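Please dock the two separately framed chains into a single complex, following the hints provided.
Line by line, the protein sequences are chains V and E. When the letters of the first sequence are read in order and numbered with the numbering used here, they come out as residues 1 to 272. When the letters of the second sequence are read in order and numbered with the numbering used here, they come out as residues 1 to 291.
Treat the hints loosely; a few may be bogus.
[What the hints assert, rightly or not] Covered by chain E, per the in silico footprint, the following chain V stretches (three or more residues, Cβ under 8 Å):
no.: 1; region: 87-97
no.: 2; region: 233-245
[Unchecked claim] Not close to chain E: a few residues of chain V, all C-beta gaps over 12 Å, as computed:
no.: 3; residue: Tyr18
no.: 4; residue: Ala78
no.: 5; residue: Ser120
no.: 6; residue: Phe130
no.: 7; residue: Glu264
These are computed hints drawn from the structure, not numbers from a lab. Computed from a predicted model, the values in this text were never measured in an experiment. Ideal placement from N, C-alpha and C gives every residue a C-beta, glycine not left out.
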Amino acid sequence: MATTTTQGVASRRRPRPYVRVEISSRQRLFLGTAGVVGVLAIWQIASSTGILSPTLASSPEQMWQAAVSLTKSGVLGAAALSSAQLFITGFAIAAVAGIILGIVLGWFTRVAAVLNPWVSILYATPRIAFVPLIIVWAGIGFRAQVVMVVLNAIFPIIVNVAAGVHNSDRQLLRVARSFNAGTFDVLRSVALPGAVPFIITGVRQGMMMALVGTVVAEYFVGNTGIGGLIFTAGVTLDTATAFVGAAIFAIAALILSAILGATESRVNRWRS
Amino acid sequence: MSTTERDPLLRINKLGKTYPAARGSTDRVVILKDIELDIARGEFITVIGPSGCGKTTLMDCVAGLTKYDSGSIEIDGSRVEGPGPDRAVVFQQSSLLPWRTIERNVAYGGEMLRWDKTVLRQRVQEAIDVVGLGGYEKHHPHQLSGGMQQRANLARALVLDAPVVLMDEPFGALDAMTKKTMQDELLAVSARIGSTVIFITHDIEEAVYLGDRVVLLRPRPGEVDTVYDVPFARPRPRELVDSPEFRALTSELSHRLQEVASRRTTSDGGPGNREEASIPDNPINARIEKP
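If we strip away everything but chain E, and leave its shape as in the complex, we get (with noise of 0.2 Å):
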């Protein structure tokens, strides 16, 4: 039974953007096709695909910071035109400002909302207790390794205490060790606090281990594949990882996944909960639509 239908956040409704195809050209190449998902507040969903899927393109979309050229997306019922205090973004470089110490970073979002000083100062001291980065405080940017740096990207998010948190590949620099110590940081704030959550990664396994919806891109237009029930309770243990239910699905998903990047368009039958599969009735190539 899906969730979406109690108590749909976002409403992502036949979404799609085009780009020009060349300098000056008149031929548009389409990046996102008819996208449509529901997504429950609360739930986590994450976000595969090959590369050239539109993966970023839709966390941009979604996060205010693209226009889109036709469908709409919706956040409790009102439209997004642009960025705006109910998303934050967590982008996969943790472009911090070099010349702000963490907290005056971890403040940003707060200061650009100006938000009541005393109010922003305790956030940000909860945000970054929350990502174990207490005593780091006054700390830049550059003393601090790359995990780090990224748990202080992930607290700058966490104070807006925003309903939609986007993220794009945020652990995908880091080494395996800390990543796994990330993800379990990330799953155990957002059960806390409740956010709902659109999370995009290459790691099929991360992407099952963290979902509640695994949904697949595929390329060249970007559409909605297939969208995966992930079907394992919360809390989850690491141990979940090398059970025979969580590999079927990773396996699964990553078959699907290599069909759908050498662009073969047979869906197969197999294990697993699954929503809808669409099956296109065109090769999918890029597609030029002349205007």
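Bound-form chain V, shown alone (with noise of 0.2 Å):
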């Protein structure tokens, strides 16, 4: 029953003021790795004593087995050279047009007012639904994946990089101006510089983008590759190598990420 207080109104008891909780540091590196281990601890005792069907959920044991005799008989090594090859291809283009493309959106306004709703339309377009007309167009060769790749990661890319250029800071602009720069005076001394750090997220999200794509253009345009090898394991039931390819991505993606984030800062040191 509700009980009245000195100030008449019914209440129950009064909850505890929220604090925020704060840990150090080394707290965080222990309960981190804790959740990590735990996970994979309790993975492997469901799957060794049966509760998961080793067959279907795999377990840590096996995919290391796994990992160690897909390494011993080269396949590992062939399948991730072959995705190394086909994302580095791809996101190279990607970078190089994308970078280009963005500069002439983002600077020239005429050919933005004409190009921008095709931009829009293909970046709002998920691209894995092009997937059939490129095999149709390019086959499933090489060339088309890396076409897959490409269509993924540009558009972050030129997308970020126009609106870095085009955002400009108009002051800076005005005082370019005031000391006779040139259009690709201004363009080339004070708009790009600026845009920098737009490029940067571009960049990265089209890192992002070009992983993805060479997943899917391995696993839909050609089974070559880590995603290939995911793609007939799970076919075949082999779930320890499935798991091995995820996890062989999901590193990569760390790997690009924290090299990525490192550039970042290096470039961002001015604007302390």
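What follows is the structure in structure tokens.
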């Protein structure tokens, strides 16, 4: 039953005041590691005791064994190399073309007005929808796969670079003009350096999308590389190998992100 | 006696500038109307006026950053059509390129004019030393205080050695101490180089302390209200500011500025030297001129 207080209003006990929990980085490290190890341990135990079907759910132990045997036989190495080739080729093309197109769209207003609707449409469409068309037009070889990766990666780059160039600091542009800068002078000395943070954001998004594009290309546009490995493993119910493949992609994504993060902080030194 | 008859470097002749009243409207607001000003070589002109009197627009027109609608601006006989190496601008915000070192920022003007690199490097070092930033060449703007950034801004303009230097409230954002230091440095530098300076400010004391003549603009539309001679000899000591003659001039200016800001049209008699004060026959309010 509710009790009346001196304020005359029926109330339950007051809740404890909210205090934000702060932990040291050491505690954070410990808890984080415990979380990873814990899940792996539970997974392993569940698999060994049969609670989880070893075939369907695999286990850390099986993953490890699969990884070792694939590496020894050279299959993993070859697949990784193939994926890397595809990723790098596609991403490089997307980066170069994307940055150039982004600059053009950001700087030349009329060109942007003409092309922007197309960019928006293609940016919004899930590129995976284009897979059947890509296969029709370019087959299922390396070239078609590169097309897929480029299509996926180029749009975030274009959009971000264009935004960076377009949104140059007005006052700086005014200063440049007052010091007799010509149009390309202004582009080179003010607009582009000012757009660098946007370029990096775009490139980082493009990199992640290139990775996605690589996986999709290796699933659907020719079964090569790690993606192909995963795909085949899935079809043959070799869940251990499938997990190994997924883990490789995850590690790749983390490494790329870390590299780009380091580059980003170096470049942004002067912003502090 | 006016020095302008001897050697006018800059002639502003019936300058006019209008803007559209609103987006898509055909009405136009008159920002500047019939501005007439002759400035002699080496003269230091300060421009004051209430908000909306078109000071910045006037500077933009002389700098070539804005096209004007009527009249003319001539420097050494040639018409101003756009920016040029004969004018250097010091904006109120230091607006240094944040990703460049101080050195490379100060070199910007020379770089745009494609100067020889050796010559430029030397001029840059001189300018940096003159404004007292020696030792900070390799720093980035964010590592410097506001006052130091503004010095770099000034150095950037000095490198050009342009005959005309335009300054739009360059010391407006500085604290009082730094402001006084910068004023004295500016006087020393411009005396040494012999530049012709147009200096916009809100600060009446600054206007009188720095200027050979003070141009007072009135708003809506922007017109020259009065041009005051500042009779004090150079070099001017800081103590001048407390002298009765100085105070008399600043208070006359202050009084007139207040009148002009509240749109009264009477000009009053008073002490001090003055050139023609024009008395408009219409009340000063926003004039919308239909095409």
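Q. Would the least Cβ to Cβ distance between V:Ala78 and chain E come out above 12 Å?
A. It holds; V:Ala78 is separated from chain E by about 44 Å at its closest Cβ, greater than 12 Å.
Q.
For V:Glu264, is the shortest CB-to-CB distance to chain E above 12 Å, so the non-interface label stands?
A. 14 Å, holds
Q | Minimum Cβ-Cβ distance from V:Ser120 to chain E exceeds 12 Å | A | 26 Å, holds
**Q.** Coverage of the region 233-245 of chain V by chain E, judged on three or more residues with CB within 8 Å
**A.** n = 0 at 8 Å, threshold three: violated.
**Q.** Within 8 Å of chain E (C-beta), three or more residues of the region 87-97 of chain V
**A.** Per the Cβ count (0), the hint is violated.
Q. Does the claim that V:Tyr18 lies outside the interface with chain E hold up, using a Cβ gap greater than 12 Å?
A. V:Tyr18 is indeed farther than 12 Å from all Cβ atoms of chain E, at 37 Å.
Q. Taking the minimum C-beta separation from V:Phe130 to chain E, is that value above 12 Å?
A. V:Phe130 is indeed farther than 12 Å from all Cβ atoms of chain E, at 38 Å.
Hints 1 and 2 from the list above are not met by this structure, while the remaining hints are.
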